[in-house]
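> Each chain, letter by letter, is given below.
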Amino acid sequence: MVDLALKMLLHDRVRTAITVLGVTFAVSLVLVQTGLFLGAMRNASAVIDHSSADLWITAHDAANVDFAQIGPASIVERVRAVRGVARADNLLVGFILISLPTGSQEFLEVYAMEDFRPWGFPWHVLEGNIDDLRRGPFFFLDESATRRYGPFRVGDIRELMGRRFEIIGRTAEALSFTTTPIAFMDIRRLRSLQPNLLQGQTHYVLVRLAPGADVEAVRAQLRVLLPYHDVLTRAEWSERSRRYWIVSTGLGLNMYVTVLLGALVGVVIVAQTLYGATMEHLREFGTVKAIGGGNRDIYAILGKQAVIVAVVGFLIAELSAWLMRPTLKPYGLTLVLPASVHIATGISALALCLGAAAISFRKVARLDPALVFRS
Amino acid sequence: MSSLLREAPAILSSATHAAPAPAVLAEDVTKRYGEGVHVVDAVRGVSLAIDPGEIVALEGPSGSGKTTLLSILGCILTPTSGRVAIAGRCVESAGPAELAAVRRRSIGFVFQQYNLFPALTALENVAYALQVKGARRDARPRAKAALEAVGLGDRMHFLPRDLSGGQKQRVALARAIAGNPPVVLADEPTANLDSASARRVLELLRQLAHDRGHALLIVTHDVAVRAFADRVLVMRDGRLVA
Ligand SMILES: Nc1ncnc2c1ncn2[C@@H]1O[C@H](COP(=O)(O)OP(=O)(O)OP(=O)(O)O)[C@@H](O)[C@H]1O
Ligand SMILES: [Mg+2]
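Respectively, the protein sequence lines represent chains X and E.
All residue numbers for the first sequence refer to the numbering used here, where the first residue is 4 and numbers rise by one.
All residue numbers for the second sequence refer to the numbering used here, where the first residue is 1438 and numbers rise by one.
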């Protein structure tokens, strides 16, 4: 079979390259923007999503998991007394100062509980035993801290709020939207570091339901008990934390605008080059008609070219997004791209290229085949 | 003439009829371009018949309507009035799809501008035309045979830009005859060629038409074509005058 569509593309190398790059540009922009956005969103609710708590009791209208508000720790006793509650524990999320070997000070976000293990915290331990936190001035530090604090090892000593602490474990994937490194510590240690602020206080109460207990029933009881708190399911709290960042930082809008502009620029480039190519090849399309081809044969050629351009451009974009990952990693940025994003982007690229080709269809349909006789 | 045309299909299908049916038949064909004050009557009442294997030259001054008539006979334009039958099929009232089908089955074109696909080699140009005409696996071998018939067996894999004008026109000729159409229409096929190349192309045209029985109409300004034709028609102001 002689593949006229493909041969024409290969013949017009420069134009084809520009068209393909138009697609690549648009698709890369969409993939990277969406990937970074979803990556940031994953970080924004990572802690919540990985906890095994069924309900989170937070201060009223708490914005997100990082910006915690304080309340009396004693409510945990009342929560434990509610029927349908299997377990309830306090969780402190504090920002404290850490002194680095260089002498400079940085902020550290500390998650502090009495017992982490029942709540699935931390969910990815690289080194160390989380139960050892109780035994002294110890903490676990997430490996992502390397970027901000420099390299560290288990056994290293760091000053937290002017007191010596030993790093006894390393975790991974404990990230927050604020990009402040995350540490894990015994709740009493954290309180002793900021006694005025934290003594007798808690930020959150995590709740695990008894087997068979009805979430809504338990929630209703808790709301009566704690009218000045919010009682949220894990999904609700996760959603609220993410929404906070989307709205407050304009990140969501930013992503939509970039995606839209990227797609628009891509469409314009592709439509423009495909249309230009059609105009330049009108005589050839006239010849196709003269030798007995119909409009459909020509549409098939244009359609096939659009598909080839879309597929090649998309694959190059996917490859470049994939190659970009290691470059982004040192900056703490991850591209989170679920299959649905790849599929949606691919289908959109295909649809947009076919749409761009369809602009030329009218021109072809009106093509005067007598033009083949003109000189 | 009028009755002959209307009965054309019957004549073709009738084995008992003595005379061969004409491959091209036109009766009182007119073509009017434009509207209002810009009306141009390019063809005014032309009737003609070309038999299989017959070579007809169509001469006339510029603007006399030669290309217009050829386009009508080639089912590229529809006449404003009159009747046209190609290989026994009346086409004057056929729709675009039917006309395309007639072009596919029954007509081969040779253009002054060659109109080869620049992205395709000589072989692919011919094979692609055969593909449009419905050939599949046999497109390449048939294209090869057609190129060999025009003496381009050694240039099959050349792109048009690497061929001389005469060679390009021979590729176009191979493309026109590859599907073995009953009718071959050529519009000034030698106008862009030097006299040696022109003679080569004309000799090929004549040989192919006679050997394979194509009805051949050559529109030309070139007096050299007269010598190759069985018959010469002259057009002036949209009418056949000889
Ligand atoms: N699409 C068109 N619209 C309007 N007028 C046209 C069109 N095509 C041709 N004509 C006119 O019809 C007349 C016949 O044109 P045609 O091209 O058939 O002449 P020709 O004999 O082939 O001339 P030449 O020898 O220069 O090729 C001319 O006056 C031309 O201007
Ligand atoms: Mg002409």
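Be aware that one or more of the hints could be misleading.
What the hints assert, rightly or not - 30 Å max Cα-Cα, derived DSS-like pairs, lysine-lysine: (1) E:LYS1570 / E:LYS1581; (2) E:LYS1570 / X:LYS332; (3) X:LYS366 / E:LYS1570; (4) E:LYS1581 / X:LYS366; (5) X:LYS366 / X:LYS10; (6) X:LYS332 / X:LYS10; (7) X:LYS307 / X:LYS366; (8) E:LYS1570 / X:LYS307; (9) X:LYS332 / E:LYS1581.
Honestly, the hints are just simulated from the structure, not real lab data.
Keep in mind it's a predicted model, so treat the numbers as computed, not measured.
> Please go over all the hints and tell whether each is borne out by the structure.
Results of checking the hints against the structure:
{"no.": "1", "hint": "E:LYS1570 / E:LYS1581", "verdict": "holds, 16 Å"}
{"no.": "2", "hint": "E:LYS1570 / X:LYS332", "verdict": "violated, 57 Å"}
{"no.": "3", "hint": "X:LYS366 / E:LYS1570", "verdict": "holds, 24 Å"}
{"no.": "4", "hint": "E:LYS1581 / X:LYS366", "verdict": "violated, 34 Å"}
{"no.": "5", "hint": "X:LYS366 / X:LYS10", "verdict": "holds, 21 Å"}
{"no.": "6", "hint": "X:LYS332 / X:LYS10", "verdict": "violated, 41 Å"}
{"no.": "7", "hint": "X:LYS307 / X:LYS366", "verdict": "holds, 17 Å"}
{"no.": "8", "hint": "E:LYS1570 / X:LYS307", "verdict": "holds, 20 Å"}
{"no.": "9", "hint": "X:LYS332 / E:LYS1581", "verdict": "violated, 58 Å"}
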